[in-house]
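These protein sequences, in sequence, are chains A and B.
With my numbering, the residue at position 96 of the first sequence is 96, and numbering never jumps.
With my numbering, the residue at position 148 of the second sequence is 547, and numbering never jumps.
It is possible that part of the hints are untrue.
[Said to hold, decoys possible] DEER-style ranges, computed between Cβ atoms:
hint, chain 1, residue 1, chain 2, residue 2, range
1, A, Asp-132, B, Lys-413, 46 to 54 Å
2, B, Ile-417, A, Thr-358, 44 to 52 Å
3, B, Ile-640, A, Ser-56, 36 to 44 Å
4, A, Gln-93, B, Gly-633, 38 to 46 Å
5, B, Asp-552, A, Asn-370, 42 to 50 Å
[What the hints assert, rightly or not] Example chain A residues on the side facing chain B (calculated, C-beta under 7 Å, incomplete):
hint, residue
6, Asn-19
7, Cys-136
8, Ser-157
9, Asp-314
Think of the hints as simulated: they come from the structure by calculation, not from any bench.
Think of the CB as a built atom: it goes at the ideal place given N, C-alpha and C, for glycine as much as any other residue.
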Amino acid sequence: MAQRIFVTGAGIISCLGNNLQENLASLLGTKSGLGRIHHIDTLLKDDLLVGEVPLSLEALFGLAGLDITEGYSRNALLGMIAAKEAAANARLQENPGLRTGLISATTVGGMDQCELYYQDFLANDTRNAYIDSYDCADSTEKIARELGIADFITTISTACSSAANALMLGARMIRTGKLDRVVAGGCESLTKFHLNGFNALKILDKEPSRPFDQNRAGLNLGEGASYLVLESEESLKKTGNLPLCELVGWGNSCEAFHQTASSPEGTGAYLAMKKALEVSGLKPEDIDYINAHGTGTDNNDLSEGKAIEKLFGDRIPYVSSTKPFTGHTTSAAGSTEAIVSILCIQQQAIWPNLNFKTPIEELHFSPVTNLLPNHPVNVVMSNSFGFGGNDTSLIFVKI
Amino acid sequence: MAFINGIGLISPQKTAEIHGFPAEITGYTADYLKCIEPVYRNYIDPIQARRMSRLIKMGITSAKLSLAEAECTMPDAIITGTGLGSVEDTEKILSEITLEEKFLNPTPFIQSTYNTISSQVAIQLKCHNYNSTYVHRTFSFESGLTDALMQFDEGMASNVLVGGIDEMTMNHLHITRRIGQWKMGPVHNLELLKHHTPGALPGEGAAFFLLGKEKTGSSYARLLEVKTSFNLNGSFKPEFILPCFLGKHDITVHDIDLVLLGVNGDGDNDPYYDRFANHFFPGKPQAWYKHLCGEYHTATGFGLYVASNMLRHQHYPEIFQYNAFNPSRLKNILIYNHFRNVNHSLMLVQGIF
Numbered sequence: 001m002a003q004r005i006f007v008t009g010a011g012i013i014s015c016l017g018n019n020l021q022e023n024l025a026s027l028l029g030t031k032s033g034l035g036r037i038h039h040i041d042t043l044l045k046d047d048l049l050v051g052e053v054p055l056s057l058e059a060l061f062g063l064a065g066l067d068i069t070e071g072y073s074r075n076a077l078l079g080m081i082a083a084k085e086a087a088a089n090a091r092l093q094e095n096p097g098l099r100t101g102l103i104s105a106t107t108v109g110g111m112d113q114c115e116l117y118y119q120d121f122l123a124n125d126t127r128n129a130y131i132d133s134y135d136c137a138d139s140t141e142k143i144a145r146e147l148g149i150a151d152f153i154t155t156i157s158t159a160c161s162s163a164a165n166a167l168m169l170g171a172r173m174i175r176t177g178k179l180d181r182v183v184a185g186g187c188e189s190l191t192k193f194h195l196n197g198f199n200a201l202k203i204l205d206k207e208p209s210r211p212f213d214q215n216r217a218g219l220n221l222g223e224g225a226s227y228l229v230l231e232s233e234e235s236l237k238k239t240g241n242l243p244l245c246e247l248v249g250w251g252n253s254c255e256a257f258h259q260t261a262s263s264p265e266g267t268g269a270y271l272a273m274k275k276a277l278e279v280s281g282l283k284p285e286d287i288d289y290i291n292a293h294g295t296g297t298d299n300n301d302l303s304e305g306k307a308i309e310k311l312f313g314d315r316i317p318y319v320s321s322t323k324p325f326t327g328h329t330t331s332a333a334g335s336t337e338a339i340v341s342i343l344c345i346q347q348q349a350i351w352p353n354l355n356f357k358t359p360i361e362e363l364h365f366s367p368v369t370n371l372l373p374n375h376p377v378n379v380v381m382s383n384s385f386g387f388g389g390n391d392t393s394l395i396f397v398k399i
Numbered sequence: 400m401a402f403i404n405g406i407g408l409i410s411p412q413k414t415a416e417i418h419g420f421p422a423e424i425t426g427y428t429a430d431y432l433k434c435i436e437p438v439y440r441n442y443i444d445p446i447q448a449r450r451m452s453r454l455i456k457m458g459i460t461s462a463k464l465s466l467a468e469a470e471c472t473m474p475d476a477i478i479t480g481t482g483l484g485s486v487e488d489t490e491k492i493l494s495e496i497t498l499e500e501k502f503l504n505p506t507p508f509i510q511s512t513y514n515t516i517s518s519q520v521a522i523q524l525k526c527h528n529y530n531s532t533y534v535h536r537t538f539s540f541e542s543g544l545t546d547a548l549m550q551f552d553e554g555m556a557s558n559v560l561v562g563g564i565d566e567m568t569m570n571h572l573h574i575t576r577r578i579g580q581w582k583m584g585p586v587h588n589l590e591l592l593k594h595h596t597p598g599a600l601p602g603e604g605a606a607f608f609l610l611g612k613e614k615t616g617s618s619y620a621r622l623l624e625v626k627t628s629f630n631l632n633g634s635f636k637p638e639f640i641l642p643c644f645l646g647k648h649d650i651t652v653h654d655i656d657l658v659l660l661g662v663n664g665d666g667d668n669d670p671y672y673d674r675f676a677n678h679f680f681p682g683k684p685q686a687w688y689k690h691l692c693g694e695y696h697t698a699t700g701f702g703l704y705v706a707s708n709m710l711r712h713q714h715y716p717e718i719f720q721y722n723a724f725n726p727s728r729l730k731n732i733l734i735y736n737h738f739r740n741v742n743h744s745l746m747l748v749q750g751i752f
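Input sequences plus hints: build the corresponding full structure.
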């Protein structure tokens with residue numbers, strides 16, 4: 001009998017709120033967090049809509065419970081806040097004897113500060129504290145120190161599926177008996193670097209994104225951090241935690257088509273979802289709801305839609321993308337949307353796909369457009385598909 | 400456990416396109432050791448290669464070399480570890496956006512994402528299988544190996560392609576010299592231990608390994624175990640975990656024939672290696688390799704290549720000697736590395752002949 005994986009803690013900070021309760025309130029109130037950029041000095045400020053956490057660096061220090069000090073990026077602070085919430089919920093500190101890992105995901109790393117001080121780095125010695133905090137490992141190690149986790153730590157970067165892969169690795173490490181519990185998820189702050197990068201790719205929508213809509217025009221970037229605590233059954237006996245749900249399936253596949261595009265048939269997406277079902281032992285008809293990757297780009301929504309049709313045939317479950325709520329939080333999207341999916345199970349509700357008007361011509365289904373409260377939800381599939389074709393799908397079930 | 404069935408290595412030594420150790424050692428005075436690169440058009444379509452950054456070309460080529468040696472055309476997983484990704488592309492973008500925020504060419508942005516190597520290799524092979532990238536300093540390559548070994552434990556794979564790749568640029572060196580990681584000026588790589596001043600000599604490299612479930616005609620050795628340890632509060636010593644690490648394979652410290660150390664010429668950090676090695680292996684051969692490849696986050700990839708070849712050819716070349724002892728046997732090699740006494744890693748490699 002394969003080791004079961006339970007979710008016992010969740011922590012999140014996003015444009016919807018600073019913690020789990022605030023994020024839930026925004027979802028229930030169908031209140032999107034998209035708005036203008038306030039905390040990054042960029043020429044794109046007035047052009048773009050983003051899901052920015054409406055807090056300055058100083059305020060983030062406060063929320064993280066840290067004194068203001070050099071060498072901390074916005075990214076690390078977001079990660080710290082969310083990871084601490086998840087750890088507190090799962091009472092990590094109260095049960096020190098368990099083999100615990102931290103698997104975090106990020107692509108920007110400490111870039112938000114590095115890009116501010118890059119010219120200083122080249123010219124003089126005034127900003128050296130930020131040189132070290134530039135890389136992807138920095139936020140992970142800061143969080144590990146804060147939470148006292150040492151048994152296994154690593155950082156994953158697979159673009160938009162990073163945090164989903166962190167959760168998948170965590171589950172596998174528990175299942176193979178290497179760890180008893182894992183804090184897994186991701187953090188990504190907005191940076192001039194990737195705002196400009198995505199802008200150059202011409203896939204940003206200046207309006208709120210419209211996933212799965214025929215007239216969709218691109219995505220809105222977001223920022224945030226989110227972590228889950230996963231525990232084995234043995235660990236659960238020792239901690240006495242009440243699980244939020246169970247993680248039963250995971251699938252990772254590569255599109256292997258083009259660096260920035262999925263194949264029209266969505267091969268990678270299809271295979272990732274199929275593998276997740278195989279691992280879970282469930283059938284397509286068991287899925288009640290898919291929290292889609294649904295970025296609102298021309299390419300993703302069509303490929304993902306085609307892949308869903310191919311896998312689910314005539315029995316397509318409810319589908320929505322919640323990126324119009326949170327923005328696309330890139331390396332944190334996988335865990336952010338895992339939490340959104342888990343909240344469906346907890347609340348027995350299905351979140352709407354905001355801003356939808358016209359179905360995509362080539363697809364035979366439309367997403368859910370209204371909040372469905374008091375709706376039975378037992379099994380949720382959460383998709384995260386990244387640049388480079390790194391596609392990952394996760395399945396959570398109600399206990 | 401998995402067999403190392405193919406190796407592709409582009410490094411500051413003449414290792415690309417040959418098997419085994421090069422006939423000639425490359426030594427010179429430099430700010431950092433730079434890779435000796437092959438002619439890429441022999442491995443990558445020139446039209447595609449024109450648009451690729453250096454790191455991507457190095458990654459794809461070394462991946463292809465390892466696959467070719469192992470006679471594998473479709474691995475069940477592709478996993479890359481990189482500490483810094485494409486430094487060249489990242490710098491291009493940073494220069495543009497920090498002087499005048501006018502950034503129009505998306506190509507360097509896409510190539511600056513860390514997963515670009517794993518993904519480009521998959522595109523070359525049309526491989527839809529498991530694909531991931533680890534980006535955690537000197538745990539990057541080891542995390543990839545940990546994931547790979549788990550794939551075999553789970554019965555998910557017969558062949559896994561795993562690599563470790565990092566590059567250096569003068570710009571990045573200039574910046575990181577400020578925080579004391581490196582020698583402050585050029586040094587001769589073969590004289591690193593003569594003066595043993597603070598700081599390491601930087602390097603770079605791309606090492607890909609095709610790990611297999613089965614032994615084949617091209618097998619070098621068995622990769623038995625990999626462990627990373629994070630020194631949370633400064634009190635960790637690898638001595639604490641070594642017996643247990645070895646014990647998983649019914650091996651004790653006495654069964655280790657040679658210890659391969661990540662000694663890098665940094666007078667501040669090398670004493671940690673000396674302490675560890677002399678604690679358990681005072682009379683045993685202690686070896687090192689970073690004078691040949693330099694220091695970088697995925698340098699243990701070069702180390703694994705060295706151990707693999709020592710075991711396959713049953714040969715301990717003098718160039719690797721750190722102390723004066725010779726091995727009485729070459730069966731079990733322990734590779735130990737640390738970065739600033741924070742990130743410690745162990746690898747256990749065993750010969751198959």
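Hints, verified against the model:
Taken as a hint, the range 46 to 54 Å is violated for the pair A/Asp-132 and B/Lys-413, whose Cβ atoms sit roughly 34 Å apart. At roughly 60 Å, the beta carbons of B/Ile-417 and A/Thr-358 sit outside the given window of 44 to 52 Å. Remark: the range hint 36 to 44 Å for B/Ile-640 to A/Ser-56 is upheld by a beta-carbon distance near 42 Å. Checking the proposed 38 to 46 Å range against A/Gln-93 and B/Gly-633 shows it is violated: the Cβ atoms sit about 20 Å from each other.
Our hint of 42 to 50 Å for B/Asp-552 and A/Asn-370 holds, since their Cβ atoms are close to 46 Å apart. With 7 Å as the threshold, the beta carbon of A/Asn-19 stays out of range of chain B, its nearest partner Cβ sitting at about 26 Å, so the hint is violated. Interface hint status for A/Cys-136: upheld, as the beta-carbon distance to the closest one in chain B is roughly 4 Å, under 7 Å. At a threshold of 7 Å, the smallest CB-CB gap from A/Ser-157 to chain B is about 4 Å, leaving the interface hint in force.
Using the Cβ-Cβ criterion of 7 Å, the hint placing A/Asp-314 at the interface with chain B is not satisfied: the shortest such distance is roughly 25 Å.
When each numbered hint is compared with the structure, violations occur for hints 1, 2, 4, 6 and 9.
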